[in-house]
Every structure is written in structure tokens, then in C-alpha cells.
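Engineer: Spelled out, the chains give:
2 protein chains.
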Amino acid sequence: MTASVTASILVIGDEILSGRTKDKNIGYIADYLGALGVDLREVRIVPDVEDEIVDALNALRRRYDYVFTTGGIGPTHDDITADAVAKAFGVEIGEDPRAIALLLERHRPEDLNEARRRMARIPAGAELVLNKVSKAPGFWIGNVIVMAGVPAVMQTMMDDVAPKLRAGVKMLVETIDSGGLPEGTYAAALGEIAAASPDLSIGSYPSFENGKFRNQIVLRGRDAEALAKAADAVRAALEGLRG
Amino acid sequence: MTASVTASILVIGDEILSGRTKDKNIGYIADYLGALGVDLREVRIVPDVEDEIVDALNALRRRYDYVFTTGGIGPTHDDITADAVAKAFGVEIGEDPRAIALLLERHRPEDLNEARRRMARIPAGAELVLNKVSKAPGFWIGNVIVMAGVPAVMQTMMDDVAPKLRAGVKMLVETIDSGGLPEGTYAAALGEIAAASPDLSIGSYPSFENGKFRNQIVLRGRDAEALAKAADAVRAALEGLRG
Numbered sequence: 001m002t003a004s005v006t007a008s009i010l011v012i013g014d015e016i017l018s019g020r021t022k023d024k025n026i027g028y029i030a031d032y033l034g035a036l037g038v039d040l041r042e043v044r045i046v047p048d049v050e051d052e053i054v055d056a057l058n059a060l061r062r063r064y065d066y067v068f069t070t071g072g073i074g075p076t077h078d079d080i081t082a083d084a085v086a087k088a089f090g091v092e093i094g095e096d097p098r099a100i101a102l103l104l105e106r107h108r109p110e111d112l113n114e115a116r117r118r119m120a121r122i123p124a125g126a127e128l129v130l131n132k133v134s135k136a137p138g139f140w141i142g143n144v145i146v147m148a149g150v151p152a153v154m155q156t157m158m159d160d161v162a163p164k165l166r167a168g169v170k171m172l173v174e175t176i177d178s179g180g181l182p183e184g185t186y187a188a189a190l191g192e193i194a195a196a197s198p199d200l201s202i203g204s205y206p207s208f209e210n211g212k213f214r215n216q217i218v219l220r221g222r223d224a225e226a227l228a229k230a231a232d233a234v235r236a237a238l239e240g241l242r243g
Numbered sequence: 001m002t003a004s005v006t007a008s009i010l011v012i013g014d015e016i017l018s019g020r021t022k023d024k025n026i027g028y029i030a031d032y033l034g035a036l037g038v039d040l041r042e043v044r045i046v047p048d049v050e051d052e053i054v055d056a057l058n059a060l061r062r063r064y065d066y067v068f069t070t071g072g073i074g075p076t077h078d079d080i081t082a083d084a085v086a087k088a089f090g091v092e093i094g095e096d097p098r099a100i101a102l103l104l105e106r107h108r109p110e111d112l113n114e115a116r117r118r119m120a121r122i123p124a125g126a127e128l129v130l131n132k133v134s135k136a137p138g139f140w141i142g143n144v145i146v147m148a149g150v151p152a153v154m155q156t157m158m159d160d161v162a163p164k165l166r167a168g169v170k171m172l173v174e175t176i177d178s179g180g181l182p183e184g185t186y187a188a189a190l191g192e193i194a195a196a197s198p199d200l201s202i203g204s205y206p207s208f209e210n211g212k213f214r215n216q217i218v219l220r221g222r223d224a225e226a227l228a229k230a231a232d233a234v235r236a237a238l239e240g241l242r243g
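Top to bottom, those sequences are chains A and B.
So in this note's numbering, the last spot in the first sequence is 243, and the numbers never skip.
So in this note's numbering, the last spot in the second sequence is 243, and the numbers never skip.
Hints may be right or wrong, so weigh each one.
[Unchecked claim] PhoX-like cross-link-like pairs, simulated, lysine-lysine; straight-line CA separation at most 20 Å:
1. A:Lys164 - A:Lys24
2. A:Lys24 - B:Lys24
3. B:Lys22 - A:Lys24
4. B:Lys164 - A:Lys135
5. B:Lys229 - A:Lys22
6. B:Lys212 - A:Lys212
7. B:Lys212 - A:Lys24
8. B:Lys132 - A:Lys212
9. B:Lys135 - A:Lys212
10. B:Lys170 - B:Lys229
11. B:Lys212 - A:Lys132
[Unchecked claim] Beyond 12 Å from chain A on every Cβ pair, some chain B residues (computed):
12. Val54
13. Ala59
14. Gly90
15. Arg98
16. Asp111
17. Glu114
18. Leu128
19. Ala236
Treat the hints as calculated values from the structure; they're not laboratory data.
Glycine is no exception: its CB is placed at the ideal position from the N, C-alpha and C atoms.
From just these sequences and the hints, can you work out the full model?
Structural biologist: Have a look at this one:
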């Protein structure tokens with residue numbers, strides 16, 4: 001069995017914590033990584049405060065194969081991600097000629113003022129991550145991939161990064177609707193199947209719509225045979241309980 | 001100046017990390033706390049793994065006035081939040097007669113099987129949090145408030161908890177659209193205003209719609225006079241730059 005490839009996301013943004021902006025990046029990156037067979041294991045959202053970013057980044061990058069950050073790489077004073085990443089890695093940061101060249105594809109030289117040049121500040125040793133929407137690049141240093149917070153921009157950056165990621169074995173998923181059976185009715189049977197399937201992750205997920213609960217059982221794993229066997233057992237158990 | 005009241009959210013859920021379910025609770029709780037003047041300072045999303053929950057919970061509860069958790073309090077084997085919270089606090093956990101009484105409002109005694117009784121497992125010393133949708137309660141222990149993951153249920157729990165929270169001074173917010181000016185054009189002026197307003201949080205937030213960037217400047221603070229002064233300065237700076 002191939003060892004799994006793991007990842008975490010660090011969302012940098014006062015605007016998410018204040019509630020002003022509703023995050024759309026976590027779910028997108030989660031899906032994207034899932035398709036690559038990379039296991040998303042943890043997410044943190046921290047404010048635009050350098051020490052908080054540095055601490056979270058150091059905790060996450062030591063623990064997971066990849067850390068994806070979003071937010072804080074624009075031209076304004078509150079965009080402090082690049083400096084925080086340089087500090088976390090203990091490397092220098094300065095204007096990167098490759099990044100300046102990219103910015104000049106969008107801005108006339110006379111418009112490349114000090115603020116815009118901030119977007120070319122890249123930690124030493126980092127590779128650039130391309131941004132098809134507005135040119136200002138993200139970057140990749142060590143196992144940390146630094147991306148924009150604007151979803152459309154972040155998404156083009158994921159497309160640039162994806163082919164270079166170490167892919168894992170894609171997780172296989174089976175979703176089974178309980179067909180109206182409440183969780184409490186099938187919980188015991190499901191628990192037994194889960195206990196007998198140590199290599200699978202089996203969860204029961206209720207949702208509530210129009211005044212009614214709907215329950216779905218989700219089985220996830222990388223062994224197709226074990227997954228099919230457990231899914232059959234779940235379907236048989238539900239059928240038995242529906243009588 | 002009143003000391004601020006701080007909070008964090010711990011989302012417990014494999015289904016969020018896998019991308020299967022898109023979280024709707026973080027933004028809701030962020031807005032809710034904002035209206036109460038409570039500062040949301042950090043969010044973590046962790047998998048349904050006891051040690052991960054315990055570690056994150058202990059880190060967050062020591063650091064913030066409140067920790068709100070969502071997810072993992074149903075009747076199935078993957079619902080392990082209550083046990084993890086008891087472990088984090090080092091207290092016993094067992095069936096709580098108050099919780100059993102609530103469950104009996106929804107279930108006939110003969111339907112209260114072992115799985116459903118799991119939903120009455122409450123750490124010693126906790127207060128119950130009421131659930132108007134499906135009765136199974138959340139709980140509150142120390143500074144940790146444990147809620148359901150299903151948004152409709154979590155929302156009724158927030159309503160039960162809110163009057164008992166220590167409220168802060170509500171954050172005042174001014175939002176100013178840049179009126180088409182790109183961030184790089186006003187970044188220097190905004191940086192100066194931010195530096196001159198140490199008690200305010202001033203951010204610039206681009207969004208991208210229909211192929212165009214739109215920029216909004218958000219000023220946040222608890223001092224109405226300082227906020228109005230800085231907002232005037234931002235409007236004047238933008239006007240000057242638009243020429």
C-alpha cells in the first residue's frame with residue numbers, strides 16, 4: 001500500500017474571521033486535493049497578524065506533506081503573507097526579478113509603483129506560482145504553497161501547481177442513502193461494519209431540509225474490494241432494518 | 001476601553017476535510033459572534049480522530065475566552081466529540097439523566113436504544129445546550145460550547161447559548177468601495193491612514209466578478225470617532241486619486 005500524501009490549508013484573513021467574507025476556498029481545495037488522492041488533514045484560519053501566521057505555518061508544515069495558504073499577497077499594507085512565510089522559513093525576502101517581469105505583463109512600467117512592487121516580494125529560494133487572472137504570482141517554498149485569497153485567482157494557481165504535486169492513490173467513495181431510516185436505527189449495525197473494516201473510513205452524515213432529516217452513509221478507502229464488501233454489508237443491514 | 005471577548009471555532013468533521021460537505025457553520029458563527037461583539041480569532045478544522053480533537057481543543061480553550069465546536073455529537077460510531085471533550089478536560093463522561101429526559105421528548109422509551117443513548121453521554125460538570133430541532137442536546141463545559149454539525153441544529157443551539165455569553169463591545173464597521181480604483185493605486189495612501197490609526201483594523205478586499213476586480217476597503221474598530229475620521233480620510237484619498 002502506498003503511503004498517503006497529506007495536506008493542510010492555512011487561510012489568512014481577518015475578513016473570513018469577521019464574517020464579512022464567506023470562505024469558498026477550503027471546499028474547492030478539499031475537492032481538488034481529493035481528486036489528486038491527497039488527504040486534506042487539517043485547516044486553520046488565522047488573522048492578518050504576523051506571529052499568528054508564522055506559528056500556524058510552522059506547526060502545519062512540519063506535520064503535513066503540503067501546506068496551501070490563501071490570502072494576504074496583494075499590494076496593500078494588510079498583505080503580509082510573503083513576509084510571514086519568509087520569517088517562518090528563516091530566509092531573506094526581496095523583490096524577485098521574475099515576479100517583476102510578470103507584473104510588467106499587466107502594468108506599464110510607470111504604473112509599477114511601490115505598492116505594486118510589494119507583490120513581487122518573494123522569499124529567497126521560492127518558485128513562482130502563475131496567476132492567469134492578474135499576473136501577480138504566488139509562490140512555492142519548501143512544502144508550502146502560497147496562493148491568493150480571491151477564489152478565481154486561487155483556482156488558476158491550483159491549476160499551475162497541481163501537475164507538480166506528488167499525487168496519492170485516489171480515495172474511493174461509496175455514498176448510500178439510508179432511505180428514510182434514522183441514524184439511531186442503523187447506528188449499531190453501522191458501528192459493527194466500521195469496526196470490521198479498519199482500513200476504511202465510514203461516516204454517517206445527517207442533513208436537515210424542509211423540516212426532515214436525511215441521512216447518508218459514506219464509505220471511503222483505497223482498497224476497492226474492501227470498500228465494495230463493506231458497502232454491500234451496509235446495504236444489506238439497511239434493507240434488513242427497513243424490514 | 002473594555003477588554004475584548006475572544007472566541008475560536010473547532011470544526012470536527014472528516015466530511016468537511018474530504019470536500020463532501022461544504023461548511024456553512026463558520027460564516028454563520030462568525031456573523032453571530034460579530035453581532036455580540038465577540039472577536040472570532042481562530043478556526044480549526046480537524047478530522048474525527050480523538051487525539052486531534054483533544055489537542056486542538058486544549059490549544060484553543062487555553063487561548064480564547066470561548067471555543068465553539070461543531071460536529072460529532074450524533075448516535076453513530078463516528079460521533080466521538082463528547083468523549084474527546086471529556087478527555088481534554090480530564091473529567092468523567094456518562095449518561096446524563098437531563099439529556100435522557102430530552103431524548104424521551106422525541107423518542108418512545110422502546111426506541112431509545114443504545115445508539116440513541118450515546119447522544120445523552122455528557123461530560124461531568126457540563127450544562128446542556130438545547131436543540132429545538134431534534135432534542136439531542138449539545139453542552140457547555142468550562143469555556144467550551146459543543147454543538148451539532150447540521151446547520152439548522154447548530155443555529156438553534158447558538159440561540160440557546162447566546163444570552164449566556166459574555167458580550168463584548170460591538171465592532172463598528174465602515175465599508176468603502178474604491179469606485180473602480182485598483183488596489184495598487186490607493187495602497188500607499190491606505191497604508192498611511194492605517195499606520196495613523198493603530199486602534200483600527202483596515203483592510204482592502206478585492207473580489208473578481210465577470211472578468212473585473214472590485215475592491216472594497218473595510219475599516220473596523222470600537223471607537224466611533226476614530227473610525228469616522230479614518231473613513232473620511234479614506235474617502236478623501238480615493239477622491240483625490242480619482243482626480
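Engineer: Report the numbers of all earlier hints that the structure fails to satisfy, in ascending order.
Structural biologist: Violated hints (numbers, rising): 1, 4, 5, 6, 13, 16, 17; every other hint is consistent with the structure.
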